[in-house]
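Chain by chain, the residues run as shown.
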Amino acid sequence: MFRAIHVLILVFAVAAGLMSLTASAQTPEEVLAAIKTEAKNSSPAFQGFSAERGERFFKQTHGNELSCAACHTENPAAAGKHAKTGKIIKALAPAANAERFTDTAKVEKWFKRNCNDVLDRVCTPQEKGDVLAYLLSIKN
Amino acid sequence: MYFNQRKILSMFAVTVLLMSGAMSAAHADDDDDDEHMPSARNAVWQSECGSCHVAYPPRLLPAESWRALMSGLDKHFGSDASVDPAAAKEIGAFLEKNAGSNRHATSGKPILRITETRWFQHEHDEVSARTWKNPKVKSASNCAACHIQAENGNFSEHNIRIPK
Chain Y
5 MFRAIHVLIL VFAVAAGLMS LTASAQTPEE VLAAIKTEAK NSSPAFQGFS
55 AERGERFFKQ THGNELSCAA CHTENPAAAG KHAKTGKIIK ALAPAANAER
105 FTDTAKVEKW FKRNCNDVLD RVCTPQEKGD VLAYLLSIKN
Chain P
595 MYFNQRKILS MFAVTVLLMS GAMSAAHADD DDDDEHMPSA RNAVWQSECG
645 SCHVAYPPRL LPAESWRALM SGLDKHFGSD ASVDPAAAKE IGAFLEKNAG
695 SNRHATSGKP ILRITETRWF QHEHDEVSAR TWKNPKVKSA SNCAACHIQA
745 ENGNFSEHNI RIPK
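Taken in order, these protein sequences are the chains called Y and P. Its first residue numbered 5, the first sequence is counted upward by one per residue in the numbering used here. Its first residue numbered 595, the second sequence is counted upward by one per residue in the numbering used here.
Derived by calculation from the structure, the hints in this document are not laboratory data. C-beta: ideal position from N, C-alpha, C; glycine also. Hints may be right or wrong, so weigh each one.
[Unchecked claim] DSBU-like mimics (lysine-lysine), calculated; alpha carbons at most 35 Å apart, straight line:
| # | chain 1 | residue 1 | chain 2 | residue 2 |
| --- | --- | --- | --- | --- |
| 1 | P | K730 | Y | K110 |
| 2 | Y | K63 | P | K730 |
| 3 | P | K691 | Y | K110 |
| 4 | P | K732 | Y | K63 |
| 5 | Y | K85 | P | K683 |
| 6 | Y | K91 | P | K683 |
| 7 | Y | K40 | P | K669 |
| 8 | Y | K94 | P | K730 |
| 9 | P | K683 | Y | K116 |
| 10 | Y | K113 | Y | K85 |
| 11 | P | K730 | Y | K116 |
| 12 | Y | K40 | P | K683 |
| 13 | P | K669 | Y | K116 |
| 14 | Y | K85 | P | K730 |
| 15 | Y | K88 | P | K730 |
| 16 | Y | K110 | P | K669 |
| 17 | Y | K91 | Y | K110 |
| 18 | Y | K85 | P | K732 |
| 19 | P | K691 | Y | K91 |
| 20 | P | K758 | Y | K85 |
| 21 | Y | K85 | P | K727 |
| 22 | Y | K113 | P | K730 |
| 23 | P | K683 | Y | K113 |
[As the list claims (entries may be wrong)] Over 10 Å on every C-beta distance to chain Y, these chain P residues come out as not near it, computed from the model:
| # | residue |
| --- | --- |
| 24 | I708 |
| 25 | F714 |
| 26 | S722 |
| 27 | N746 |
Please build the complete structure, drawing on both the sequences and the hints.
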């Protein structure tokens, strides 16, 4: 009886583990589609994302000392460096680093942190989508 | 039978005592900062704290300092380093459990920077000003510039290479 309960618990644990894996493992295109839904919902005037606008946003400063490119460099297919600590930051463009934009929670965490550092506010879905469209346009 | 059990138990006790004696002898010539001891590790701490800088070993600050740091992660030395509540709870508990002593505390306010502890300054008093200014070092927070095994929690003097 106890054995059966143990087996049942194990099966549940494995199933839950697999479910959480499939929930977090995504493609950058899926992440972009989710941001698009968010953008449509937040603005009725939404007209799609622009890689060119994303590139300008990425490379310019927004009132603060740092831009996105300050740490990720002007070439997101190359490794960057943390502006303060000097720690190496792996390439951001998915073509150069397959791990990028494959985990929604991680994407949201870093957009929140880095937008607060660069713009002193969170980014709009439009801005996030433009940047991701730019990063996806980069071929390694 | 009863006698045998007692005999085994007492032999075990003697062995443990001998082992602990040998271990404390091995540490006798060490300084009191345990820098050769392997650091305590935790996967969430490693990935969250280690993404912008070396995941600094918990023993380098007292528990009160870690508590103060963890309560202000959204403004972490000028950066937003906030983590989700579950991660914050796990990291905070890990840091406090393995924190160092606060015997070097100088004032009532907890020290937030490891580089401001008297221990750090004493350990690094032979490092020249030129080395600190080297662009390859960049900042005293960049442990791995000289401590080549810092990522693995190893700060032994045998693993120091000062960049030229």
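Tested hints:
1. K730(P) x K110(Y): holds, 29 Å
2. K63(Y) x K730(P): holds, 25 Å
3. K691(P) x K110(Y): Given that 35 Å is the threshold and the Cα spacing comes to 27 Å, the pair holds.
4. K732(P) x K63(Y): holds, 23 Å
5. K85(Y) x K683(P): holds, 29 Å
6. K91(Y) x K683(P): Roughly 25 Å separates the two Cα atoms, so the pair holds.
7. K40(Y) x K669(P): Between K40(Y) and K669(P) the Cα gap is close to 30 Å, so the pair holds against 35 Å.
8. K94(Y) x K730(P): holds, 18 Å
9. K683(P) x K116(Y): holds, 20 Å
10. K113(Y) x K85(Y): Roughly 19 Å separates the two Cα atoms, so the pair holds.
11. K730(P) x K116(Y): holds, 29 Å
12. K40(Y) x K683(P): OK: K40(Y) and K683(P) at ~33 Å, within 35 Å.
13. K669(P) x K116(Y): Holds, at about 13 Å.
14. K85(Y) x K730(P): It holds: about 12 Å lies between the C-alpha atoms, which stays within 35 Å.
15. K88(Y) x K730(P): holds, 12 Å
16. K110(Y) x K669(P): holds, 19 Å
17. K91(Y) x K110(Y): holds, 19 Å
18. K85(Y) x K732(P): This hinted pair holds, its Cα atoms lying about 11 Å apart.
19. K691(P) x K91(Y): Holds: K691(P) and K91(Y) sit about 27 Å apart, inside 35 Å.
20. K758(P) x K85(Y): Given that 35 Å is the threshold and the Cα spacing comes to 20 Å, the pair holds.
21. K85(Y) x K727(P): holds, 17 Å
22. K113(Y) x K730(P): This hinted pair holds, its Cα atoms lying about 29 Å apart.
23. K683(P) x K113(Y): Answer holds: K683(P) to K113(Y) is near 17 Å, not above 35 Å.
24. I708: holds, 13 Å
25. F714: holds, 16 Å
26. S722: holds, 19 Å
27. N746: Since the minimum Cβ distance to chain Y is about 15 Å, N746(P) lies beyond 10 Å and the statement holds.
Violated hints for the displayed structure: none, as all numbered hints are satisfied.
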